[in-house]
Amino acid sequence: MSQSPQLLEPRIIAAKSGSWRPKPKISNVTLRWGINAAALVYLVLLYFSVDINWSRVAQGMDRGVAFMGSFLTPDFVSRGGEIAIGLRESLTMTFAATVIGILLAIPVGLGAARNIAPTPVYFFCRAIIALSRTFQEIIIAILFVAMFGFGPLAGVVTLAFATIGFMAKLLAEDIEDAQRDPMEAVRATGASWLQWINYAVQPQVMPRLIGLSLYRLDINFRESAVIGIVGAGGIGATLNTSINRYDYDTSAAVLLVIIGIVLMSEYLSGYVRKWTA
Amino acid sequence: MLKLKGLTKRYATGDLALNDIDLDVPAGQVLALIGPSGAGKSTLIRCVNRLVEPTSGSIELDSKDITNVRGGRLRQARRQIGMIFQNYALVERLSVMENVLSGRLAYVGFWRSYFRKFPQSDIQQAFELLERVGLETMLDKRGDALSGGQKQRVGIARALMQNPKLLLVDEPTASLDPKTSRQIMRLICELCQEQNLATIINIHDVALAQQFVHRVVGLRAGEIVYDGAPDGLSPEILTTIYGEEDWSADKHDDDQGASEAKGPDVEAALLGGHP
Ligand SMILES: Nc1ncnc2c1ncn2[C@@H]1O[C@H](COP(=O)(O)OP(=O)(O)OP(=O)(O)O)[C@@H](O)[C@H]1O
Ligand SMILES: [Mg+2]
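Sequence lines, in order, name chains A and B.
Read in order, the letters of the first sequence correspond to residues 1 to 277 in the working numbering.
Read in order, the letters of the second sequence correspond to residues 1 to 275 in the working numbering.
Hints listed in this document are in silico derivations from the structure and should not be mistaken for laboratory results.
Please read these numbers as outputs of a predicted model, since none were measured by experiment.
Some clues are possibly wrong.
Said to hold, decoys possible - Each computed DSS-like pair below joins lysine-lysine, with the alpha-carbon atoms no more than 30 Å apart:
| id | chain 1 | residue 1 | chain 2 | residue 2 |
| --- | --- | --- | --- | --- |
| 1 | B | K141 | B | K3 |
| 2 | B | K141 | B | K165 |
| 3 | B | K141 | A | K274 |
| 4 | B | K179 | B | K141 |
| 5 | A | K274 | B | K117 |
| 6 | B | K141 | B | K117 |
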């Protein structure tokens with residue numbers, strides 16, 4: 001953006017004598033304060049237009065406090081068997097879905113990278129990604145539960161489907177950001193397409209791919225708890241049952257298990273990422 | 001070895017980068033392609049190995065027309081053409097050895113290359129080339145752990161791994177210090193002589209080119225405006241190639257110590273004396 005010299009000159013003179021402040025993002029003073037005032041008015045209006053039922057909030061608070069309180073007395077034992085089964089099912093679902101999803105996401109991601117895919121393939125793969133990313137896992141899960149019935153199969157298909165969109169999109173973006181020169185150099189040696197992918201593209205995107213895979217594993221585990229609530233099996237089903245029974249101590253135990261596993265995967269991925277850099 | 005006939009390239013943007021270029025490069029000849037920025041030097045060498053598709057004209061390598069070959073035949077042609085880049089273009093996360101061996105990709109099948117199981121003879125050749133460029137102790141280092149000059153040596157080894165007949169070199173020294181530049185130029189030219197390669201080197205440093213090459217082609221706005229011996233580059237000809245400039249004032253101080261070795265006229269002109 002160019003600015004007229006009359007406006008610039010005082011700043012230059014001031015800078016010469018050692019006084020300089022960053023230019024305000026919005027130069028017009030009235031406009032600047034106007035925007036601030038508008039933001040304030042918006043907040044006030046927002047408060048009055050959202051109908052908050054304080055007595056209901058207070059009542060719900062009690063239940064929330066009861067729920068929180070049960071974190072102090074989590075009960076791993078009385079429903080221990082169910083928790084173990086749900087957990088095993090969730091972990092199986094998570095691993096299976098992540099592996100299947102990533103294997104399918106790699107070709108889609110290659111096809112969705114502008115710089116290496118022919119245009120028709122590019123549009124086709126982008127369409128797959130859009131389809132997979134449009135719907136939230138729960139909605140997909142409801143559909144697949146209707147198709148495959150209650151249980152972990154629907155869960156695996158749901159998570160794998162969601163993984164494709166997530167991984168393929170981020171992989172394609174990483175490929176698009178890859179350095180062009182080495183890719184050209186390997187192509188210039190007369191390498192075949194697969195060799196070219198293996199030598200010029202893969203080394204550039206591998207660390208990110210591994211990092212994302214671990215992250216997706218983590219997401220899939222958490223999602224497996226959520227989609228269990230709509231009948232797709234796993235620890236979510238256990239959690240749902242315990243909440244319906246007002247058995248908050250067991251719910252707390254389940255949540256603590258989930259937190260523990262997410263924490264573990266957090267440390268693991270930090271470690272692996274350091275190792276693949 | 002390489003024969004270009006009526007080679008023309010018009011980019012989709014409408015830029016006419018090459019206009020009806022005829023050029024013949026025999027085996028064993030090192031040719032410097034000079035010209036101002038945007039003259040079409042990179043476009044020309046990229047057309048030769050078809051990283052850029054020419055608009056019209058023909059490219060003959062070793063008496064075979066490669067202008068329109070595709071698929072396997074194109075890869076066959078490309079493996080006979082080594083290429084060296086200004087930015088080295090190494091795959092930074094691969095080791096030095098993997099980078100050098102990638103020059104053999106067109107000679108081995110996918111699974112062999114995937115498991116890095118190259119034939120013994122290839123590995124021997126790679127090692128000999130690394131010795132030749134002085135990097136045999138670095139074979140397991142990663143590409144991004146090398147200095148610029150070292151990366152360019154790996155780039156040279158990778159190109160020669162292809163056992164090429166033709167070498168295309170795009171500004172090999174533009175990112176290197178003066179001393180390393182000379183070493184790299186010397187290395188490229190020696191290797192070309194030994195292996196009797198036809199070589200095209202794009203280069204901005206005229207004095208450096210004159211020292212090492214057999215022939216100079218000057219390109220301006222996509223057309224050849226000079227083709228002859230390195231000594232023939234008089235200030236007038238430099239003006240035709242690069243445009244008006246006081247050539248006698250252009251000091252090249254990266255040339256101390258080797259001024260005897262080059263064409264006297266232009267060198268003197270470039271160094272500030274008058275012929
Ligand atoms: N991919 C492209 N798309 C459109 N125009 C291009 C493209 N590449 C190059 N050109 C144009 O073609 C002309 C020749 O470019 P080229 O890169 O061959 O020049 P050069 O002689 O190598 O220059 P330099 O010395 O700066 O490397 C320029 O006008 C440039 O703008
Ligand atoms: Mg160029």
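We went through each hint and held it up to the structure:
1. B:K141 x B:K3: violated, 39 Å
2. B:K141 x B:K165: holds, 29 Å
3. B:K141 x A:K274: Since the Cα atoms of B:K141 and A:K274 sit roughly 18 Å apart, the hinted pair holds (cutoff 30 Å).
4. B:K179 x B:K141: Cα-Cα ~24 Å, so holds.
5. A:K274 x B:K117: Holds, at about 28 Å.
6. B:K141 x B:K117: holds, 19 Å
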